[in-house]
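Respectively, the protein sequence lines represent chains A, B and C.
The numbering of the first sequence is numbering that gives the first Met the number 0, which starts it at 0 and goes up by one.
The numbering of the second sequence is numbering that gives the first Met the number 0, which starts it at 0 and goes up by one.
The numbering of the third sequence is numbering that gives the first Met the number 0, which starts it at 0 and goes up by one.
In case anyone wonders, no lab produced these hints; they're calculated from the structure.
These numbers were taken from a predicted model, which means no experiment stands behind them.
Among these hints, one or two may not hold up.
[To be verified] Label-pair distances were calculated between CB atoms; the ranges are:
| no. | chain 1 | residue 1 | chain 2 | residue 2 | range |
| --- | --- | --- | --- | --- | --- |
| 1 | C | R340 | B | L97 | 22 to 28 Å |
| 2 | A | E16 | B | W93 | 48 to 54 Å |
| 3 | A | K56 | C | L194 | 49 to 55 Å |
| 4 | A | S60 | C | L325 | 54 to 60 Å |
Where a beta carbon is used, it is the ideal one built from N, C-alpha and C, also for glycine.
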Amino acid sequence: MGSRFLAVEGLQAWYGESHVLRGVTFEVLRGEVVSLLGRNGAGKSTTLKAIMGMVAKRTGSVKLAGRELSRLTSNEIARAGIAICPEQRGIFASLSVEENLELPPEVGPGGLSRARIFELFPNLGERLASRGTKLSGGEQQILAIARILRTGARMLLLDEPTEGLAPVIVQQIGRTIRMLKEHGFTILMVEQNFRFAATVADQYYVMEHGRVVEGFAQAEFDANRDKLQQYLGV
Amino acid sequence: MFEIFGIPSTALFGQLVLGLVNGSFYALLGLGLAVIFGMLNIINFAHGAQYMMGAFAAVLLLDKLGIGYWPALVLVPVIIGAFGIVIERLLLQWLYKLDHLYGLLLTFGLALVIEGVFRRYYGPSGIRYGVPDLLQGEQNLGFMSLPDYPAWVIAVSVVVCFGTWFAIARTRLGSYLRAATENPTLVRAFGIDVPRMIMLTYGFGVALAALAGVLAAPIYNVSAQMGSDLIIVVFAVVVIGGMGSIMGAIVAGFGLGIVEGLTEAFFPEASSTVIFAVMVIVLLIRPTGLFVRGT
Amino acid sequence: MAAIDAAAIPQSEIPASMKIAFAVMVATLVAAPLPPFQVDPVFLMKALCFALFACAFNLLIGYGGLLSFGHAMFFGWASYVAAHLAKVGAISMPYWSDGWHWLVIPLPPQSPELAILGGTLVAGVLGGIVGALAIRRQGVYFAMITLALAQMMYLFALQMKFTGGEDGIQGVPRGRLFGIIDLSGSVAMYAFVMLIFLAAFLLIYRIVYSPFGEVLKAIRENEPRAISLGYKTERYKLVAFILSATLAGLAGATKALAFQFASLTDLHWTMSGEVVLMALVGGFGTIFGPVVGAVAIVALQTHFASFGEWVPVIEGAIFIACVLVLRRGVVGELAARLHIRL
Numbered sequence: 000m001g002s003r004f005l006a007v008e009g010l011q012a013w014y015g016e017s018h019v020l021r022g023v024t025f026e027v028l029r030g031e032v033v034s035l036l037g038r039n040g041a042g043k044s045t046t047l048k049a050i051m052g053m054v055a056k057r058t059g060s061v062k063l064a065g066r067e068l069s070r071l072t073s074n075e076i077a078r079a080g081i082a083i084c085p086e087q088r089g090i091f092a093s094l095s096v097e098e099n100l101e102l103p104p105e106v107g108p109g110g111l112s113r114a115r116i117f118e119l120f121p122n123l124g125e126r127l128a129s130r131g132t133k134l135s136g137g138e139q140q141i142l143a144i145a146r147i148l149r150t151g152a153r154m155l156l157l158d159e160p161t162e163g164l165a166p167v168i169v170q171q172i173g174r175t176i177r178m179l180k181e182h183g184f185t186i187l188m189v190e191q192n193f194r195f196a197a198t199v200a201d202q203y204y205v206m207e208h209g210r211v212v213e214g215f216a217q218a219e220f221d222a223n224r225d226k227l228q229q230y231l232g233v
Numbered sequence: 000m001f002e003i004f005g006i007p008s009t010a011l012f013g014q015l016v017l018g019l020v021n022g023s024f025y026a027l028l029g030l031g032l033a034v035i036f037g038m039l040n041i042i043n044f045a046h047g048a049q050y051m052m053g054a055f056a057a058v059l060l061l062d063k064l065g066i067g068y069w070p071a072l073v074l075v076p077v078i079i080g081a082f083g084i085v086i087e088r089l090l091l092q093w094l095y096k097l098d099h100l101y102g103l104l105l106t107f108g109l110a111l112v113i114e115g116v117f118r119r120y121y122g123p124s125g126i127r128y129g130v131p132d133l134l135q136g137e138q139n140l141g142f143m144s145l146p147d148y149p150a151w152v153i154a155v156s157v158v159v160c161f162g163t164w165f166a167i168a169r170t171r172l173g174s175y176l177r178a179a180t181e182n183p184t185l186v187r188a189f190g191i192d193v194p195r196m197i198m199l200t201y202g203f204g205v206a207l208a209a210l211a212g213v214l215a216a217p218i219y220n221v222s223a224q225m226g227s228d229l230i231i232v233v234f235a236v237v238v239i240g241g242m243g244s245i246m247g248a249i250v251a252g253f254g255l256g257i258v259e260g261l262t263e264a265f266f267p268e269a270s271s272t273v274i275f276a277v278m279v280i281v282l283l284i285r286p287t288g289l290f291v292r293g294t
Numbered sequence: 000m001a002a003i004d005a006a007a008i009p010q011s012e013i014p015a016s017m018k019i020a021f022a023v024m025v026a027t028l029v030a031a032p033l034p035p036f037q038v039d040p041v042f043l044m045k046a047l048c049f050a051l052f053a054c055a056f057n058l059l060i061g062y063g064g065l066l067s068f069g070h071a072m073f074f075g076w077a078s079y080v081a082a083h084l085a086k087v088g089a090i091s092m093p094y095w096s097d098g099w100h101w102l103v104i105p106l107p108p109q110s111p112e113l114a115i116l117g118g119t120l121v122a123g124v125l126g127g128i129v130g131a132l133a134i135r136r137q138g139v140y141f142a143m144i145t146l147a148l149a150q151m152m153y154l155f156a157l158q159m160k161f162t163g164g165e166d167g168i169q170g171v172p173r174g175r176l177f178g179i180i181d182l183s184g185s186v187a188m189y190a191f192v193m194l195i196f197l198a199a200f201l202l203i204y205r206i207v208y209s210p211f212g213e214v215l216k217a218i219r220e221n222e223p224r225a226i227s228l229g230y231k232t233e234r235y236k237l238v239a240f241i242l243s244a245t246l247a248g249l250a251g252a253t254k255a256l257a258f259q260f261a262s263l264t265d266l267h268w269t270m271s272g273e274v275v276l277m278a279l280v281g282g283f284g285t286i287f288g289p290v291v292g293a294v295a296i297v298a299l300q301t302h303f304a305s306f307g308e309w310v311p312v313i314e315g316a317i318f319i320a321c322v323l324v325l326r327r328g329v330v331g332e333l334a335a336r337l338h339i340r341l
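Construct the entire structure; sequences and hints are all you get.
This is the structure we're talking about:
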């Protein structure tokens with residue numbers, strides 16, 4: 000594992016009057032897979048969105064490889080080398096699969112080529128002309144991940160990548176994430192399903208009421224299982 | 000010459016051509032409105048005034064700078080389009096987070112200002128702008144005689160409309176536009192400068208209106224109010240075609256022009272209201288418009 | 000949502016701020032034509048007719064959340080019908096019996112109350128038809144449909160004979176109210192207009208603060224929620240539309256008698272735009288806002304009458320300014336700052 004890649008400090012965010020993030024602090028090391036865990040409404044998705052600048056009002060510090068991103072607009076943040084795979088996939092209905100795949104522009108070197116993408120995800124290659132939303136949930140999730148791999152972004156934000164998907168697809172996504180880790184991608188993931196998270200993550204942060212309340216490594220996962228279940232209300 | 004339902008064929012075909020010419024303007028203006036509405040979620044009430052500005056710009060370029068029709072076809076859309084970009088930056092960009100109705104109200108106010116200023120300086124009566132020499136002739140098609148200028152207007156409109164549709168529906172830039180229409184926040188988060196795209200889209204829509212204005216100058220009366228009564232008909236056209244639909248606006252525009260032309264031939268008293276009547280019927284049977292699925 | 004528990008709201012509790020504002024308004028209206036102010040009663044009547052028009056319009060946008068851009072059709076058509084009834088004093092209707100015939104109902108001549116009633120009723124019926132069509136869509140679509148339908152009504156009026164086309168209907172007699180009170184003098188007519196305005200104003204207040212009004216406001220806030228609670232929202236919106244159209248018609252009919260003519264200007268889309276402006280300037284969703292807005296705009300038009308061509312430019316600039324910096328309108332902004340209801 001490497002040096003500090005993404006550093007979030009005192010991140011706060013508001014949706015209108017609602018104070019959703021109340022000072023989030025954590026870090027992601029280069030090449031790590033970090034999973035944010037927590038109950039619904041804890042602010043996990045909002046954290047990803049706030050890092051990407053997709054939230055109207057935010058304060059605090061977000062640094063990528065030492066560079067401060069919190070004053071930038073979201074397109075500038077993307078160009079700094081972060082890509083997001085949003086909740087509910089964000090596949091565009093008025094675009095074909097191919098157009099969806101090609102949409103995010105190149106933000107750095109090292110993006111996967113089309114050939115490599117179709118090698119990894121053969122189903123996509125077969126459905127290029129279909130409307131994006133005609134794909135099944137699992138195929139859309141693969142598409143949502145595939146399109147950000149093309150951009151050359153090295154920091155990936157994945158929001159609930161396995162939500163509502165069949166176990167077979169969940170396993171495929173797990174394999175994909177492990178493969179990405181081998182290729183040196185750094186991943187920050189929001190995941191309700193902590194059993195899935197346990198198969199890929201190196202580090203966990205638990206969120207509650209808009210703050211990070213616990214952090215532990217994969218090795219300490221079993222030791223923290225009971226505490227985790229309390230936080231998640233499971 | 001022969002008769003169809005009691006109308007001599009030359010008169011009928013003449014009306015059809017006129018209808019297609021009107022339809023060309025409905026389609027061009029409807030297209031502009033649909034493109035702007037799709038990206039900005041704003042009904043550009045000022046579209047008619049911007050069309051009028053295009054016609055006046057052609058007149059002024061000729062009067063003050065001796066610049067004729069052909070260069071005007073290119074220059075005027077660029078100039079008025081730039082004006083549109085200024086409007087977007089100064090006034091419209093503050094409205095995107097608000098209820099859509101505020102966009103309608105602001106552009107309505109803008110239309111009043113533009114039209115009022117032009118009426119103050121140029122009066123209510125029309126200004127003549129001649130048909131360019133090259134297009135003053137006619138073609139004899141056997142069953143009718145087709146004047147060159149109307150044919151030119153129709154041809155330009157068809158090319159521009161379908162060209163715009165193609166660019167939006169089939170090109171990469173078009174895919175950016177379509178995606179930004181659906182989910183601008185996400186498109187921006189991929190690294191695309193969406194605010195700039197919005198600004199340029201409004202400019203493009205305004206340029207389309209201005210182009211229609213130049214095309215209109217030789218055949219319609221160039222006056223301060225030439226845009227306002229026209230724009231209400233175009234609103235009806237866009238409601239019929241479906242507000243977000245580019246193809247819907249184009250097809251509805253040309254189609255309703257033909258319907259209006261035919262009505263003028265057979266029931267002239269109804270010709271000014273027939274498009275509204277069609278709108279009523281469409282609202283009763285397919286409220287979302289003819290080309291749009293869903294809510 | 001508390002708004003839905005309408006029955007729990009005691010209707011006798013009128014906020015003090017509104018009582019005061021109402022008293023001020025009545026006092027102003029009564030005192031204005033008298034010395035030392037001696038405001039022109041013609042100006043006052045115009046302001047009141049438009050104030051009523053704006054209040055009727057505001058019922059729909061401020062409390063129903065529906066922006067109608069075609070309200071001139073109700074104002075204008077009621078004005079034509081009232082003018083016709085007062086001048087000609089007969090209704091003719093076509094009917095079928097072995098061929099088309101005309102049924103002519105003679106009315107007492109020069110009857111202002113019947114003329115106004117007739118105009119108002121026609122506006123209500125038109126409101127029902129237009130409303131049923133327009134309610135099918137929301138938001139901006141609704142606005143554009145009302146605009147297009149109003150334009151259609153304008154074109155009909157342009158072509159029909161009884162409207163007198165470009166000339167309109169002139170020389171409308173004010174007549175004798177209930178056959179007794181002669182309205183031809185300014186004082187009597189002003190008192191009549193003022194009473195109509197105040198009655199309608201109070202009616203609008205009662206509608207807004209009734210169970211019906213509370214449901215309407217709830218629909219404006221969150222229609223899907225209202226539907227899930229079992230309210231037939233389409234019906235509420237249609238009723239609101241008809242009420243708004245009817246009261247706009249009342250304004251138009253009264254105006255026809257006060258100014259003794261009806262013209263195409265009353266039906267033009269610029270008239271629809273002006274009533275929107277009046278309500279916007281005053282404040283959507285306030286009871287007194289439209290009154291203030293109407294007085295302001297009528298005053299503006301009167302003051303700039305000699306620079307007539309600049310009036311639309313000024314009005315357009317005010318539209319833009321209000322949308323950008325004074326969205327709540329003058330009265331709305333005042334009420335928000337002082338934490339009172341107006």
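Unsatisfied constraints (hint numbers, rising): 2, 4
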